[in-house]
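For the protein sequence lines, the chains are F and W, in the order given.
Residue 188 in the numbering used here sits at position 188 of the first sequence, with consecutive numbering throughout.
Residue 1087 in the numbering used here sits at position 87 of the second sequence, with consecutive numbering throughout.
For the record, the hints were derived by calculation from the structure and aren't laboratory data.
Remember, it's a predicted structure, so these values are computed and weren't measured experimentally.
Hints should not be assumed to be uniformly reliable.
Said to hold, decoys possible - Once the Cα atoms are required to be at most 30 Å apart in a straight line, the calculated DSBU-like pairs of lysine-lysine come out as:
1) F:Lys222 to F:Lys115
2) F:Lys49 to W:Lys1049
3) F:Lys151 to W:Lys1049
4) W:Lys1109 to F:Lys109
5) F:Lys43 to W:Lys1109
Unchecked claim - Where chain F lies over chain W, by a calculated footprint (3+ residues, C-beta under 8 Å):
6) 1057-1071
7) 1074-1084
Said to hold, decoys possible - Cβ pair distances, simulated, as ranges:
8) W:Lys1049 to F:Ala152: 26 to 36 Å
9) F:Asn6 to W:Ala1226: 51 to 61 Å
10) W:Ser1044 to F:Glu142: 15 to 25 Å
11) F:Gly150 to W:Lys1232: 46 to 56 Å
12) W:Glu1177 to F:Val53: 22 to 32 Å
13) F:Ala118 to W:Lys1049: 26 to 36 Å
14) W:Thr1125 to F:Ala231: 26 to 36 Å
15) W:Pro1191 to F:Arg199: 48 to 58 Å
16) F:Ala229 to W:Thr1125: 29 to 39 Å
Backbone N, C-alpha and C fix where the C-beta goes; we use that ideal spot for every residue, glycine too.
2 protein chains.
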Amino acid sequence: MATSANVQVLGAWSSPFSNRVQLALKLKCIEHEFVEEAFYINKSERLVKANPVYQKIPVLIHDEKPVCESLLIVEYIDETWAGNGRSILPSDPYERAIARFWAGYIDDKWFPRMKELATAAGDETKATVVGQLFEGFALLEEAFVKCSKGKAFFGGDDIGYLDIALGCFLGWVKVAELLGGVKLLDQSRIPGLAGWAERFLSHDVANDIIPDAPRLVEFYGKVQAAIAAAAKTAAD
Amino acid sequence: MATSANVQVLGAWSSPFSNRVQLALKLKCIEHEFVEEAFYINKSERLVKANPVYQKIPVLIHDEKPVCESLLIVEYIDETWAGNGRSILPSDPYERAIARFWAGYIDDKWFPRMKELATAAGDETKATVVGQLFEGFALLEEAFVKCSKGKAFFGGDDIGYLDIALGCFLGWVKVAELLGGVKLLDQSRIPGLAGWAERFLSHDVANDIIPDAPRLVEFYGKVQAAIAAAAKTAAD
Chain F
1 MATSANVQVL
11 GAWSSPFSNR
21 VQLALKLKCI
31 EHEFVEEAFY
41 INKSERLVKA
51 NPVYQKIPVL
61 IHDEKPVCES
71 LLIVEYIDET
81 WAGNGRSILP
91 SDPYERAIAR
101 FWAGYIDDKW
111 FPRMKELATA
121 AGDETKATVV
131 GQLFEGFALL
141 EEAFVKCSKG
151 KAFFGGDDIG
161 YLDIALGCFL
171 GWVKVAELLG
181 GVKLLDQSRI
191 PGLAGWAERF
201 LSHDVANDII
211 PDAPRLVEFY
221 GKVQAAIAAA
231 AKTAAD
Chain W
1001 MATSANVQVL
1011 GAWSSPFSNR
1021 VQLALKLKCI
1031 EHEFVEEAFY
1041 INKSERLVKA
1051 NPVYQKIPVL
1061 IHDEKPVCES
1071 LLIVEYIDET
1081 WAGNGRSILP
1091 SDPYERAIAR
1101 FWAGYIDDKW
1111 FPRMKELATA
1121 AGDETKATVV
1131 GQLFEGFALL
1141 EEAFVKCSKG
1151 KAFFGGDDIG
1161 YLDIALGCFL
1171 GWVKVAELLG
1181 GVKLLDQSRI
1191 PGLAGWAERF
1201 LSHDVANDII
1211 PDAPRLVEFY
1221 GKVQAAIAAA
1231 AKTAAD
């Protein structure tokens, strides 16, 4: 069993990517120290040293060796503590390839649309982004149906790799619904994913890691204010 | 042993991403049928069906099941034919995480710069892109020194995952040197990588898969002409 002395996470409670690492560590019952980084203000020397290429959270530090990129960290945790509980990734190579494919889709295609929604100006632009998001959710609904094979989670009977990869964003999806005035996890459009989201958020592994929407909304407001203040200082 | 009847690759001889799949299959001694796709003109019905999300090459079809995304295909090949020869990925989880990290860097950061070089207009823009490419190569030189530990390849004594991930581009790097009039694999700047590139290109696994620069230059000219003709037709 790893102790908190040799496993640290440089992350932020509000970061879905950090939450991925927390979820994987909790699934594998790995004690660890969580080092909160104020990533939107400045980067700690330790973070810059641990992740010199991207200088971003999360970083897992295990026995003083840094591992970067959230999905790669989840795979590292699964492989390093293979004996702790069930595998996070599917054991079948084809199912693993499919899980990795959809995780890549989430990060490369779906998440950028989610970010666009936050900054979309004007009703027409917003409607376009929402339309693209619905298309993305429809694809993920198909993926859920295929991967879960009628069970509760992408990973089957319990949370696995794709549950972590997508579930980490659920707090922010709810923020987008609140601030954007749009129902994204719509039971009538994507019944599989809508049900999955509820099960995921009430699962023991997720419920103290994925932040509540109101807390994220408050945080979002503070970050926007900090960014505006920094811009004003720079302009003065 | 897989036979060509149950393994097909939808790809193109000129595509570095397709070459990755070919390299991995050759390393694992997997017979296969290579189906050439004229990807820059139109997409075959088979490709669109096999990769509906991205509709792009390469796709590996194994026992009629498609696997997409070149790096994921390489991992799939390594895991599916684990008993054939040595592993493509390192066996140690930390070394695997590092190899995956740099493969991601190559695709997400380094390769987009390479593409920019092809279209950079004006001496100033080109100089900026070349400068960024040199920075990228310097990082990859560091990665080579760390991963190879004084041996011939990223993978040690023989070609491994990162050798495939970066080596697949070497034909096009030489095209960029020819057309751009700039020495990228510069012995004085990046001695490790420059030596590695020569060893990689003369390796049995690579030498009939990675296309020669003159053949790629001719192909590049034809593609540009086809694109221009298509644009003219559309405009007429």
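Evaluated hints:
| no. | hint | verdict |
| --- | --- | --- |
| 1 | F:Lys222 to F:Lys115 | holds (17 Å) |
| 2 | F:Lys49 to W:Lys1049 | violated (45 Å) |
| 3 | F:Lys151 to W:Lys1049 | holds (26 Å) |
| 4 | W:Lys1109 to F:Lys109 | holds (16 Å) |
| 5 | F:Lys43 to W:Lys1109 | holds (21 Å) |
| 6 | 1057-1071 | holds (count 5) |
| 7 | 1074-1084 | holds (count 4) |
| 8 | W:Lys1049 to F:Ala152: 26 to 36 Å | holds (30 Å) |
| 9 | F:Asn6 to W:Ala1226: 51 to 61 Å | holds (57 Å) |
| 10 | W:Ser1044 to F:Glu142: 15 to 25 Å | holds (22 Å) |
| 11 | F:Gly150 to W:Lys1232: 46 to 56 Å | holds (53 Å) |
| 12 | W:Glu1177 to F:Val53: 22 to 32 Å | holds (25 Å) |
| 13 | F:Ala118 to W:Lys1049: 26 to 36 Å | holds (35 Å) |
| 14 | W:Thr1125 to F:Ala231: 26 to 36 Å | holds (28 Å) |
| 15 | W:Pro1191 to F:Arg199: 48 to 58 Å | holds (55 Å) |
| 16 | F:Ala229 to W:Thr1125: 29 to 39 Å | holds (35 Å) |
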